[in-house]
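Colleague: First to last, the protein sequences are chains A and B.
Numbering follows UniProt numbering, with no gaps: position 426 of the first sequence is 426.
Numbering follows UniProt numbering, with no gaps: position 355 of the second sequence is 355.
It cannot be assumed that every hint is accurate.
If several chains are the same, the list does not tell them apart, and a pair holds so long as it fits within one copy or across any two.
[As the list claims (entries may be wrong)] With a Cα cut of at most 20 Å, we get these calculated SDA-like pairs of lysine to any residue:
# : residue 1 : residue 2
1 : Lys98     : Pro284
2 : Lys199    : Asn156
3 : Lys199    : Ala157
Derived by calculation from the structure, the hints in this document are not laboratory data.
2 protein chains.
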Amino acid sequence: MASSWVPDMDPASDFSLANIPFGIISTTADPAPHAAVAIGSFVLDLKVLSANVDLSQIFPGIDGLAEAFSQPTLNAFAQMGRAVHRRVRSALQDLLSKKTAHPAVLRDNAALRSQALLPQSAVRMHLPMAIGDYTDFYAGYHHAYAVGVMFRGPENALQPNYLHLPVGYHGRASSVVVSGTPIRRPVGQILPDPAAEPKRPVTAPSRKLDIELELGCFIARGNHMGDAIPVGDAEEHIFGYVLLNDWSARDVQTWEYVPLGPFNGKNFATTISPWVVLADALEPFRTRGIENATELQGYLKEPREERVFDVRLEVDLTTAEGTTTTIGRTSSRHLIWSFPQMIAHHTLGGCPLRPGDLLGSGTISGPGGVDERGSLLEMTENGKKEVQLAGMDARTFLKDGDTITLRGFCGEEGARVGFGECRGKIYSAVQR
Amino acid sequence: MASSWVPDMDPASDFSLANIPFGIISTTADPAPHAAVAIGSFVLDLKVLSANVDLSQIFPGIDGLAEAFSQPTLNAFAQMGRAVHRRVRSALQDLLSKKTAHPAVLRDNAALRSQALLPQSAVRMHLPMAIGDYTDFYAGYHHAYAVGVMFRGPENALQPNYLHLPVGYHGRASSVVVSGTPIRRPVGQILPDPAAEPKRPVTAPSRKLDIELELGCFIARGNHMGDAIPVGDAEEHIFGYVLLNDWSARDVQTWEYVPLGPFNGKNFATTISPWVVLADALEPFRTRGIENATELQGYLKEPREERVFDVRLEVDLTTAEGTTTTIGRTSSRHLIWSFPQMIAHHTLGGCPLRPGDLLGSGTISGPGGVDERGSLLEMTENGKKEVQLAGMDARTFLKDGDTITLRGFCGEEGARVGFGECRGKIYSAVQR
Ligand SMILES: [Ca+2]
Ligand SMILES: [Ca+2]
Ligand SMILES: [Mg+2]
Ligand SMILES: [Mg+2]
Ligand code: NI
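Chain A with its partners taken away, still in its complex shape:
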């Protein structure tokens, strides 16, 4: 990978020239949310670029980009399809590289640089897409297995359907928020003594507030209602990826979820990282997922073997006092279903996907010990054991004032393709 002329490129940056993720920013100069890409510790404001440069020179043959980059979401750009995303990313990589073919446009244009290239600390990030529908899958095999063992024992850990289809449920699109948004501890109906009969629920702040470490996938182009997306075509419907924290109130969820699935236990908030890593940027990091010995239905048979990505993932917990502990480390390779398989299954019966729809992978955990887990439920065996934190502190579930930060990246120093942060701080249910 070539190197960039952008100042202060840190080799450890998630946003190397190999990445070029897209996001929605607002700035002091232009408070209306609009498109940008991240590069090192800077952003390139694509609306400013569009207003000052003849885009047909840099992105020949692509119409409508200036308008798409002025929108408050990336939906219009996503809809243009993967071929366009590929060409735009590649042209931006050229523009930002030392050996750019168009040095006069930006590299040697101090006036435009001062307007268009802004420190990340100087911009505000917004939700990158208008999310029509959000679906959360359950493709983290080790998570599903560990949770199954906890509640049903090792014999029946996985439900009979688990290896035959990507189990998922419809989430709450309105509750998806961008990294940094404060998360209020939800109040809910919970059973103080789940074993007691008759059941005596109370209404109280959740005492089992948890996280779920997930990869999120944004849809670029959808399908018409009634038509399925074949698994071999699904890749063309993907815009890109984000980190996703599916906050979960385990006590609320346990009481409510039979028979129709999670509801208030999940719908109070889901946090995503602000930068959408384009599907093409992750291509070099493909790997095999979890082997599934089950004979799959034809519509789930993917031609390729390297179905998932090896994104190294980390979960940090920062206490109200400011002490940070990395409580989990794993990889997105621990998925038993790929996003193309999820898309093929989602649309099998004709369900229409739309540009900007969000799919969650399900909680990602590694096969190893408690330090490879993507939820406190697993790390603490549903609150039975404590996770030890730096500074003599410990947790079963989250405390008010805790901040959770997810991080994820692929690749070597100097050419990292990373996601930045997916962060949320818990505030009290009773502060009104």
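Model the placement of chain B with the ligands on the given structure of chain A, informed by the hints.
Modeller: Using the frame of chain A, we list chain B with the ligands on its own:
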């Protein structure tokens, strides 16, 4: 109720002067979808009215109506809140009544009438709202009980949480369609022999395509994330009601739904009636819901006893040959939870509702025999018994070519408050 000067008012019409439901139409003269109300067998085009009349005369003190009525959805109007809906409906009732205070505006203005008052047969109906999120509840007590008996026996018919909270799940907003939209039979993973071990699923068109007779509720104003809507305030957040058919593929649902709830068994289509009956129009038809002897949590305690509406509901099945049989007759009074209770529960943990969000009541069945049921699952005991149709035909589940029409109304002849039709015809899964 006064009578209307609109021609050909049929006393059996759902759209008497007592109703005035809002919808989105397009016309030959104006193919861009925009707002209208239904009156008798006509519609009053509110965009045409706005363009030709000084609205401040008819709706004094309400700003922004002309713009709201030009939108392709009713969301902007819904957001204005119940006080505005009430005044606008009441002013339109005056305008359309024989003794209108403003005869010159429309009653005696032949030129405007010819443009603004159009036969319903001459306009096309569209989805009335942009639906951000769709939630389906399970508040039809007799349905939940009957289905529970079928699968778990009478001892355990209701799950332990059922009487404590309004059970619901997140549905698929993208698959909500307006009455008349053809419904393709979904393909899905199903178990030809559910008892066989190991499980051997196949991928095939659903053989258990079913309906669910529901009442739908549209949200007028939402809540900020983190804030709950108290049950006593919830009424002010309701825009109005529609009929809702939550098409369900029972064989797909059975195999997929443990542990995360219905997914492909539901997300291929949900049909709603096109006219939104405003909350105020249903007020005169309040009644007590199903008694719930459970001690409710405080947030679910509704001040009033008449918590639900007595909408008389009917399900018609029309065969491909054109023979129609009314297979079910019941009432929306058979709900154990009111929409304000559903809203209070939905937002208890801070989940944000937005204008245009749709809530389904859950399948509504009466306490009586198979002719009071809102699903074929119940009418046929999951396919064990046939429903007899006119013309020596019979059904367990739906056949290709079948049309299902839901109807619902309150009130006496000449002053009916009805919903019109919620209709969908099944076409084959294999016609591509
Ligand atoms: Ca999840
Ligand atoms: Ca339903
Ligand atoms: Mg969530
Ligand atoms: Mg449905
Ligand atoms: Ni949704």
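Colleague: Which of the listed hints are not met by the structure?
Modeller: Hint 1 alone not satisfied by this model.
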